[in-house]
Amino acid sequence: MKRLPLSLLLLLFFIYLGWSVSIRQAVLFAVGIGMGAALSGARFGFTTGWRQLIEQRDPRGVAGQLVLLALASAFSLTLLGQYSELTAALGPPSISLLIGAFVFGLTMQIADGCGSGTLYKAGLGVPLNMGILPLFALGSFLGSVQVNDWLKLGQLEPIGLVTEFGSAQALWLTLAGLVFFGLAARLWVGPGRTWWDRKWLLGAVALAVLAALNLLIAGQPWGVVYGFGLWAAKIVTAAGLFDPTANTFWSQAGNAQRLSEMVLLDITSITNIGILGGALWISARAKSDSQPLTATQWVIGLLAGFLMGYSSRLAFGCNIGAMLSGISTGSIHGWIWVPLAFAGTLLGVRVRRHYKL
Amino acid sequence: MSLSKHKLQLVFWCGLLVFLVWDTTQAPPVDLRNEPPLIAAGSGKASSGGHCAIAK
Numbered sequence: 001m002k003r004l005p006l007s008l009l010l011l012l013f014f015i016y017l018g019w020s021v022s023i024r025q026a027v028l029f030a031v032g033i034g035m036g037a038a039l040s041g042a043r044f045g046f047t048t049g050w051r052q053l054i055e056q057r058d059p060r061g062v063a064g065q066l067v068l069l070a071l072a073s074a075f076s077l078t079l080l081g082q083y084s085e086l087t088a089a090l091g092p093p094s095i096s097l098l099i100g101a102f103v104f105g106l107t108m109q110i111a112d113g114c115g116s117g118t119l120y121k122a123g124l125g126v127p128l129n130m131g132i133l134p135l136f137a138l139g140s141f142l143g144s145v146q147v148n149d150w151l152k153l154g155q156l157e158p159i160g161l162v163t164e165f166g167s168a169q170a171l172w173l174t175l176a177g178l179v180f181f182g183l184a185a186r187l188w189v190g191p192g193r194t195w196w197d198r199k200w201l202l203g204a205v206a207l208a209v210l211a212a213l214n215l216l217i218a219g220q221p222w223g224v225v226y227g228f229g230l231w232a233a234k235i236v237t238a239a240g241l242f243d244p245t246a247n248t249f250w251s252q253a254g255n256a257q258r259l260s261e262m263v264l265l266d267i268t269s270i271t272n273i274g275i276l277g278g279a280l281w282i283s284a285r286a287k288s289d290s291q292p293l294t295a296t297q298w299v300i301g302l303l304a305g306f307l308m309g310y311s312s313r314l315a316f317g318c319n320i321g322a323m324l325s326g327i328s329t330g331s332i333h334g335w336i337w338v339p340l341a342f343a344g345t346l347l348g349v350r351v352r353r354h355y356k357l
Numbered sequence: 358m359s360l361s362k363h364k365l366q367l368v369f370w371c372g373l374l375v376f377l378v379w380d381t382t383q384a385p386p387v388d389l390r391n392e393p394p395l396i397a398a399g400s401g402k403a404s405s406g407g408h409c410a411i412a413k
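Going line by line, the protein sequences match chains A and B.
Be aware that the first sequence starts at 1, since it is given in this note's numbering, and climbs by one per residue.
Be aware that the second sequence starts at 358, since it is given in this note's numbering, and climbs by one per residue.
Note that these hints are calculated values from the structure, not bench results.
Be a bit skeptical, because a hint or two may be false.
[To be verified] With a cut-off of at most 35 Å between alpha-carbon atoms, the simulated DSBU-like pairs for lysine-lysine come out as follows: (1) A/K2 x B/K362; (2) A/K356 x B/K364; (3) B/K413 x A/K2; (4) B/K413 x A/K152; (5) B/K402 x A/K356; (6) B/K362 x A/K152; (7) B/K364 x A/K199; (8) A/K356 x A/K2.
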């Protein structure tokens, strides 16, 4: 579709949301469009950045991600210190988190996209990611159904750096942690590498500003996975296949309410739709570079997509909800998520090579 | 871009549209008088939205 009619359609949907749902949701839709345009325009792929670091010792993608994390932390931790209404992405350190993050890191390499990557690539029209999205949603839903059983294996209460140390101290600790990650990457790639790339840096700045806007407007950090699980939960509940009142997670007051009201009122759903729209807008001029896949590659990719959705619930978020939002809002679970997901990715790139994905 | 990819894209977007229309028709109408604040920061109202980091 050409950009002008597409822009008009996006504008019409923005007006519909503002008129019939709420002005906040319309503005969050616009923020989502910006996220989708930034992710796909800059090809800001968390999965690709990690893979390039491991396979080619190319640190540019990871450097872009570190800049994103540093900027988003500076914005978000300051906002959290100023406004008590805003909430951090606090997930519980748990066995569930350890397993979930590892499996997520593994499967995101096979599926060639994390939570945000799957969204923007589906919006760009990449066939595998369009196929993965419904399975990711189903996996996310099943993960949410069973997450309380996983938590029984062992968990701590969520730990927030802002609550423990205040926002200024939390920011210094966060920046120190990011410098540590940067030094570890420097040790791995060795000397003489190019670290900075304009595309990655522009994407990082844009995404950090948009993530902060999400927090400012919605009152909660950017998330992806919850919306997917909600969509699948609505469908299976309407089909009579699931009784939410008999489930610990979905019978919680907030989740039960969101299950009964329209998805356009849900914060993560509306930014997810915006991301798809923003990526579609970019795809109107972007060159398609996806290769046709064999039947085996399709099966492996779709299975990985399902497991990615399931594990993202166990890990209390994906690269966005756990890594970006977790770290930038001072949640310890984000710091645990990164090394576990990276360990999974080390295995995932091998599986990916094996199946020539 | 191949035609089949165009068709896949069409199926994907039609599927999403059908889901949103179905959901909008079966959900109770939005209470426009109880609209959330445009900007949560400074509103005095804590966010009650779902997030993937939250265990409950």
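Original post:
Which of the listed hints are not met by the structure?
Top reply: When the structure is compared with the hints, numbers 3, 5, 6 turn out to be violated.
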